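These protein sequence lines map, in sequence, to chains F and H. Per the working numbering, residue 1089 is the first one in the first sequence, and the count goes up by one each step. Per the working numbering, residue 1089 is the first one in the second sequence, and the count goes up by one each step.
I should point out that these hints are in silico values taken from the structure, not numbers from a laboratory. Bear in mind the structure is a predicted one, so any value in this text is a computation, not a measurement. Please note that a few of the clues may not be correct.
Copies of one chain are not kept apart here, so a pair can be met inside one copy or by any two copies together.
Within a straight-line C-alpha distance of at most 20 Å, the following computed EDC-like cross-link-like pairs (lysine to aspartate or glutamate) qualify [said to hold, decoys possible]:
1) Lys1435 to Asp1413
2) Lys1341 to Asp1194
3) Lys1435 to Asp1497
4) Lys1147 to Glu1427
5) Lys1167 to Asp1194
6) Lys1443 to Asp1379
7) Lys1145 to Glu1427
2 protein chains.
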Amino acid sequence: MSTAAISPTRAEDFPEWYQQVVRAADLAENSEVRGCMVIKPWGYGLWENMQKQLDIKFKATGHQNAYFPLLIPLSYLEKEAQHAEGFATECAVVTHHRLEAVKQADGTVKMIPTGELAEPFVIRPTSETIIGAAFARWVESYRDLPLLINQWANVMRWEMRPRLFLRTAEFLWQEGHTAHETAEEAIAEAALMHDVYEDFMRNHLAIPVIPGEKSERERFPGALNTLTVEAMVQDRKAIQAGTSHFLGQNFSKAANIEFLGRDNQRHFAWTTSWGVSTRMIGTLIMTHGDDDGVILPPRISPTQIVILPVTPKPDSREAVIDACDALAKTLRTIQYMGEPLRVHVDKRDMAGGAKNWDWIKKGVPLRVEIGPRDITNRSVAVARRDKGPKEKEFIGKEEFIRRADDILDEIQSVLLQRATALRDSNTKKIDNEADFRAFFGTSGDNESKGEISGGFALVNWAGTSEDEERLQKELKVTIRCIPKGDQYAEEGACFLTGKPSHRRVIFAKSY
Amino acid sequence: MSTAAISPTRAEDFPEWYQQVVRAADLAENSEVRGCMVIKPWGYGLWENMQKQLDIKFKATGHQNAYFPLLIPLSYLEKEAQHAEGFATECAVVTHHRLEAVKQADGTVKMIPTGELAEPFVIRPTSETIIGAAFARWVESYRDLPLLINQWANVMRWEMRPRLFLRTAEFLWQEGHTAHETAEEAIAEAALMHDVYEDFMRNHLAIPVIPGEKSERERFPGALNTLTVEAMVQDRKAIQAGTSHFLGQNFSKAANIEFLGRDNQRHFAWTTSWGVSTRMIGTLIMTHGDDDGVILPPRISPTQIVILPVTPKPDSREAVIDACDALAKTLRTIQYMGEPLRVHVDKRDMAGGAKNWDWIKKGVPLRVEIGPRDITNRSVAVARRDKGPKEKEFIGKEEFIRRADDILDEIQSVLLQRATALRDSNTKKIDNEADFRAFFGTSGDNESKGEISGGFALVNWAGTSEDEERLQKELKVTIRCIPKGDQYAEEGACFLTGKPSHRRVIFAKSY
């Protein structure tokens, strides 16, 4: 029998472990609205920090936030459908604008939709069309370019198999939309935001994503190029954690974003879009969590240090609480990543053991206990979430105050190192089809079972989209990305077709 | 003919002035989606600052943010309708979850809604029902109380006569929802948030709102008490700028928020809700704007100081730009309201006059010009938005750096003083019906025309809801609030019925 706080463990059943961890950490829950989640304060606190830290990077690279309508007229989608194929059509459709309350014989009330709309709307699954329509109004000449806009918003896609954070009908995200005078500028913009995402995930979330390009088959519909950052989580599957698209002129033609150029001719603008979502929270959990619960990187954790008063006897309770409050106050004067340390004193009236486990499951990076004896000794008992649940170190209080930010930095890098080690030890160069098949096993089901196999297969590739499709059907693997960087530029023969290939690509199962 | 930047002027046609000011300041625009606005970067920057500053106050009073589903099942509204009457039923109804793209004979694509839902949903017009359902899951005993939750979100009400910021189908807001063990605690919570709103509007937005209670007739449907903050804008009408409701047990009964009390019995929780929205931006504009455009209080302005390089000759351009950048860099080291000063150098290649007017219309509090001569003199030309468009003061650069935050504070208080003076000079104690009718005039239309009449009538009141309704029909006036504070506790006779009354209330026309 397992002695871990979460049952099942990761090894026993990874998908179920994930559900249990989310619940134990009180991050989110399902609602009665199919596929829509309630993001609870601890989970929303993570999102707030992600927003805040990304937003600083977006503004530092010249972007401004704006807000566009939630509803999209069907006519916009119809125009777009003529310029690009493959758009998701599973979306919420608004057809009426009124409810009529009808009293029933038994005294209850029935609400009947009335006021049918002449033109229905969909709830935005993404906002290229509606933002494109605004850009078309805003741009007249090359002097109005570039337009560098970002929106923080909710979007909705009717998902049939929802999972908290990873795939929900409604989710929160940001969507950047930019328009440029030249293709080169738009390509550079998409690459810049790709770098911003990689930097954020590596240095804030401690997720060593691999940046690269999508294959043609995996591109966003209508995009000329899709850049992605791919994470490997602990069941060795890939998660696409963020994408940045170079859209060419496809969307500007559909939305009519035209400008008078320096040559006095009319041109269509070159556009990009890029986004990350609350899916990052799911990725974070599956990257760092262990069998005792979530482990949060200090830079992103809603609370970085929790202080737990140890009050065995009522008569010392007040002195202990005062010492905890005083320590919290001092710690909050320390700047960490440009903000005061986020410190919480948990004064709830409950058993110390249960309280301690509560914070372990929530993944707070540092737990600090103070009891009557610690006051006498001027010491604190410090437990790091990246170490075992029972390990604690007694440190002089002053020393702890001096070292707190260093300890947090240490935890941050331990998490990044661990995730990098996991990724690297499950990334394998493979040069023939037999090894490739053995690496991934033959089981087709990539989600409902806890089975763990494979990882990232680095292969030379010169196959067609049809070859990709066949591998996906047989092995549930896809090209996650064509990774950026010289180390992947390796001459060789395609592992499947034998044709010459100049780069290795990553194949993996994925969420 | 008017020499002001905005045509018509406020005196000529206030409603049209408002539309033109919003456009000239590039704050927002209508979209093709009926009643839904696009909030442009300058307008969204205002909202971001409002959010940030309110959020600090919410957290300081113990609230946490969370996020709940956008869609509400009709069954929730049906349950609620049995406990309270009068809910708005103009809302967007989602009835289908799929679109089918059908290629037409002419090559165009038609999107057809399919996948009819067994139970339709509405897009949240407010979230009492869906948050109530979550609270019912979360609360078991009195130990789980209070629940102090806030949500930043978009909501939707199908408005027939939309106006940018003031009344739009979709708008952004925050909605606080709390549940408590006792009625007293819930009443105190509603009062606390009422105070937070008043403080925020007075001290951040420079809007001298009057806090008070709504009359029974004007309460939120289902509330036992609605607290409001009422602003007077420059056409002397009232705007309800924020509300805080004590909901009693009405909503907890509908949603079944039950807990085991200290007495070991089951009780329904006592709940509150409170909210402010992007309507505050409209209120801000109509409170402070003048015939040259918007005037923004420094604490809330997206940019507090704009630096305008004056470059008459190309050969001095680089030196001027460098001086501007250097000044901006220095100013940004100054902390104002806990954050670095928000300073922008406008390097756009356009005529100096047009550029200057652009920022006047946008309402930026301080404009600073630097030209070649200013570099020699070590001086800057400073223009305050609260003064005439041509007034500028030459100040030594070092002195300006030293005084910048004081000047901004001065502008902030001038704006509050002006708005207070306007409010006070248009607030009148009235003691009989004839004077009351004369004060408001007889024109019934309270919005489509620019006519300015009345203001706040302070009257002793002991009428009935029917009396209120009659006055509203005849004069388009309502009780805006029963103001808080001893100065309104004045014994007298009701101006309408002659019955004894212990307090004065405020009647006004309103948005």
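Tested hints:
no.	hint	verdict
1	Lys1435 to Asp1413	within (10 Å within a copy, 49 Å between copies)
2	Lys1341 to Asp1194	between (57 Å within a copy, 19 Å between copies)
3	Lys1435 to Asp1497	neither (27 Å within a copy, 40 Å between copies)
4	Lys1147 to Glu1427	both (18 Å within a copy, 16 Å between copies)
5	Lys1167 to Asp1194	between (49 Å within a copy, 13 Å between copies)
6	Lys1443 to Asp1379	within (18 Å within a copy, 60 Å between copies)
7	Lys1145 to Glu1427	both (15 Å within a copy, 17 Å between copies)
When the structure is compared with the earlier hints, a violation turns up for hint 3 alone.
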